[in-house]
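What follows is the residue order along each chain.
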Amino acid sequence: MITQASDVSWLVSGEVIALTELAGICALSPSELDELVEYGALVPLEPAPQARVFSAGCVVPLRTACKLRVDFDLDLFTVAILLGYLQRIDALEQQLLSVAAKAPGYAHDSSRPGV
Amino acid sequence: MKYKDYYAALGIERDADLDQIKKAYRKLARQHHPDVSKAADAEARFKDAAEAYATLKNPEKRAAYDELGRRPAGQEFSPPPQWGQDFGAASGNPFEDMDLADLLAAMGRGQPGAKPGPTRGRDLETGVQVSLEQANRGTTLQLDLHGEAGGSTLEVTLPAGVHDGQKIRLKGRGGKGLRGGPDGDIYLHIQLAPHPLFRADGHDLYFDLALTPWEAALGAEVEVPTLEGPVLLTVPPGTRAARKLRIRARGLADRHGGRGHLYAIVHIDVPPTLTPAEKELFVALAATSNFNPRASVSKG
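Protein chains in written order, with my numbering: chain A, 1 to 115; chain B, 1001 to 1300.
Don't read these hints as lab results, they were simulated from the structure. Treat each hint with caution, since some may be false.
To be verified - Derived DSSO-like pairs (lysine-lysine); straight-line CA-CA distance at most 30 Å:
no.	chain 1	residue 1	chain 2	residue 2
1	B	Lys1002	B	Lys1027
2	B	Lys1038	A	Lys67
3	A	Lys102	B	Lys1244
4	B	Lys1022	A	Lys67
5	A	Lys67	B	Lys1057
6	B	Lys1171	B	Lys1047
7	B	Lys1057	B	Lys1047
8	B	Lys1023	B	Lys1038
9	A	Lys67	B	Lys1047
As the list claims (entries may be wrong) - Covered stretches of chain A (chain B as the covering partner; in silico rule of three or more C-beta atoms under 8 Å from a C-beta of chain B):
no.	segment
10	9-20
11	71-80
12	90-99
Yeah, the Cβ is synthetic: ideal placement off N, Cα and C, and Gly gets one too.
Bound conformation, chain A alone (with noise of 0.2 Å):
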């Protein structure tokens, strides 16, 4: 089986996710979606009800929360919490790995030598 280029959807902040494919692929009802929207745990893109589009940056954190919900038994205010902390944790990770690329090489490895 072959994938192409065009095959490929960037789960970045660019990019744009539609509501209803957005509670598909993160086995959410888009009422549920909604409900998350009022938490402000969510934030569309559109915030027009009917026309509600998001960031495809928050697919991968959904996701995970979404999954969790189903893991432990959770409720959807308490996937609504989980979601801000695994977008908290993302950032850090991302920030942390910023901060090593641009630490000078011999704090990574002292027998890394320099050009």
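Got chain A sorted already, so can you dock chain B onto it with the hints?
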């Protein structure tokens, strides 16, 4: 069909109430969840507990399960004939290719007379490691997939522009949907392999540039590496340690046709041992120079 003892799986009595069921499950889930436990059998134990809980927390499913009576775990059994009629089977075995969990899931949907409805295919998640060079120019990966129907290989064309930590979705390339449900997706978590020289931050690259004290003080033109081969970099006079020198658009390609930058992080090295001539020059410099890099510290 094999019998499973769901009460034993959760470690509870058969007359346990919903609160006891929930507590027992949460305790086991906390203990065996694959994100928490590193034990080899954690995933299997978590799945067993989750399957038991999915049935016992639902009064309808639990009643159907209890109707099967008490049996030794693993014993082969046939569901009551009445259940076959509930599944709309005029003849034959309506339970073929079903296990106990599938059967009870269908019961719990309250659909006597109807087989289970469309089910979305399973999503697959996998981490893939690519080199900086592959991320920069794009690459083709062979993914080995292991589904219920056996193993298969998926060839994925990864366009240029991925970075460390990037998540990518391959729509409809996961497990096959059941009974007309949509196919699942594949989620790729991209990790950049460590490079002997460069470190990546998004599409920018960083490397350490060692300079001699005189190159840093006087300025120099030095040859530095890039992903496409060496280039000349002008080091301005008076360059201090930890300064970042930017080499424009020599980082990783992004997906819009642009490129990140390449940064040289300066560190100043000294000869491990000095020849007599070098030592003489350094001594002369020390005697002549009134530069004090610790001036701000010694004021206090």
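Hint numbers contradicted by this structure: none
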